[in-house]
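Could you put the whole structure together from the sequences, leaning on the hints where they help?
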Amino acid sequence: MTDDLWQVQRLDLDGYLARIGVEAKPPSRAALDELHEAHLRTFTFDNIDVLLEQHPGVLLDAVAEKFVGRGRGGYCFEHGTLLAAALERLGYDVSRQLGRVGAPTASARTHCVVFVTIDGRRVMCDPGFGLSIVRPIELVDGAEVTQRGHRFRMSETPLGWQLSRWHQGAWETMHTTDEAAVVPDDLVMGHHFTSTLPTSHFRAGLRLTKLEADRHVSLSSDAVTIRREGEPTEHRELAGGEVADWLHELGVPLTDDEEQRLLKRLAELAAG
Numbered sequence: 064m065t066d067d068l069w070q071v072q073r074l075d076l077d078g079y080l081a082r083i084g085v086e087a088k089p090p091s092r093a094a095l096d097e098l099h100e101a102h103l104r105t106f107t108f109d110n111i112d113v114l115l116e117q118h119p120g121v122l123l124d125a126v127a128e129k130f131v132g133r134g135r136g137g138y139c140f141e142h143g144t145l146l147a148a149a150l151e152r153l154g155y156d157v158s159r160q161l162g163r164v165g166a167p168t169a170s171a172r173t174h175c176v177v178f179v180t181i182d183g184r185r186v187m188c189d190p191g192f193g194l195s196i197v198r199p200i201e202l203v204d205g206a207e208v209t210q211r212g213h214r215f216r217m218s219e220t221p222l223g224w225q226l227s228r229w230h231q232g233a234w235e236t237m238h239t240t241d242e243a244a245v246v247p248d249d250l251v252m253g254h255h256f257t258s259t260l261p262t263s264h265f266r267a268g269l270r271l272t273k274l275e276a277d278r279h280v281s282l283s284s285d286a287v288t289i290r291r292e293g294e295p296t297e298h299r300e301l302a303g304g305e306v307a308d309w310l311h312e313l314g315v316p317l318t319d320d321e322e323q324r325l326l327k328r329l330a331e332l333a334a335g
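The sequence shown begins at 64 in my numbering and counts up one residue at a time.
One or more hints might be untrue.
Label pairs and their calculated CB-CB ranges [claimed, not checked]:
no., residue 1, residue 2, range
1, E300, L222, 16 to 26 Å
2, D96, E331, 20 to 30 Å
3, P89, A302, 44 to 54 Å
4, G84, G335, 34 to 44 Å
5, H311, L222, 38 to 48 Å
6, G335, G293, 22 to 32 Å
7, G293, E207, 42 to 52 Å
8, P221, L68, 24 to 34 Å
9, H311, P119, 30 to 40 Å
10, G78, G335, 25 to 35 Å
11, A267, L194, 40 to 50 Å
12, A334, E242, 28 to 38 Å
13, E292, W234, 14 to 24 Å
No lab work stands behind these hints, which were simulated from the structure alone.
Computed from a predicted structure; not experimentally measured.
Glycine residues also receive a C-beta, built at the ideal position from the N, C-alpha and C atoms.
The structure is reproduced here in structure tokens:
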């Protein structure tokens, strides 16, 4: 795809790198790993703007203003758009791809990842899945990595590249990505589907994750899960007011109005 199609020159690359705390470096696998992890540690995966019905869209200008300008997060279409643009500006060979979450024969192409070719080898970046790889994984059948105590496996299947996580003694399919060409309107369409379909889980309640130096936190409307490498997973239900406390602890930069509207929306959803 051309730079003009995705308008990557419009990205404030210096602003993005400053936001995630990484210096511009020539393309290399080590530099890619560093940038991927820094992106995940800076921006939350979340559906807050979907719940608030104020989503600005998934094209680069809107995403950059939200992420780079405000320090907010979002979901896969936004993360993929921003990361791909930054990587292209840094000189990487990049393609944006769409995949199917869960069983590949029972879901639409509603997940965005980024493929990168580096030193003659291809890898998948997955910045917008919530609990996924911290650093890219090679697009090689049978490739396995262990990151932050989690095992991941890449498999080449008739329907595409399948990423799985070892969970409770078995491989659990996360998503399957094909190599069909993707254009900006494909992301717009996927975003429209996931953000407006009445039965979309992104409309049913809060979904927010944050990767930190020593833990991974998953926050829902009524529970929090904390994962630390080498320690048992902590999971507990939340009492009244704790969602707001966790939003503050995780550094989610909402305005007072946004926070109050979000808490009101979560209460409405809980009441049915």
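Checklist entry - G78 and G335, beta-carbon distance inside 25 to 35 Å? => result violated, 42 Å
Checklist entry - Is the distance from the Cβ of H311 to the Cβ of L222 consistent with 38 to 48 Å? => result Distance hint for H311, L222 holds at roughly 42 Å.
Item to check | Cβ separation of E292 and W234, checked against the hinted range 14 to 24 Å | outcome: Since E292 and W234 have Cβ atoms about 20 Å apart, the given range 14 to 24 Å holds.
Checklist entry - Given a hinted range of 20 to 30 Å, is it respected by the beta-carbon distance of D96 and E331? => result For E331 against D96, whose Cβ atoms are near 42 Å apart, the range 20 to 30 Å is violated.
Checklist entry - Does the Cβ distance between G293 and E207 fall inside 42 to 52 Å? => result Once the Cβ atoms are compared, 19 Å apart, the range 42 to 52 Å for E207 and G293 is violated.
Checklist entry - CB of P221 to CB of L68, is that within 24 to 34 Å? => result holds, 29 Å
Item to check | Range agreement (Cβ of A302 with Cβ of P89, hint 44 to 54 Å) | outcome: Holds, since P89 and A302 (Cβ atoms, about 50 Å apart) stay within the stated range.
Checklist entry - In this structure, is the beta-carbon distance linking G335 and G293 contained in 22 to 32 Å? => result Cβ of G335 to Cβ of G293: about 40 Å, so the range 22 to 32 Å is violated.
Checklist entry - Between G84 and G335, does the C-beta distance stay in 34 to 44 Å? => result This hint holds: roughly 43 Å between Cβ atoms.
Checklist entry - Honestly, do A267 and L194 meet the 40 to 50 Å range at C-beta? => result violated, 18 Å
Next on the checklist: Is 16 to 26 Å respected by the C-beta to C-beta distance linking E300 and L222?
Outcome noted: violated, 37 Å
Item to check | Pairwise beta carbon distance, H311 to P119, judged against the given window 30 to 40 Å | outcome: For H311 and P119 the Cβ distance comes to about 23 Å; the hint is violated.
In summary, the structure is inconsistent with hints 1, 2, 6, 7, 9, 10, 11, 12 from the numbered list given earlier, while agreeing with the others.
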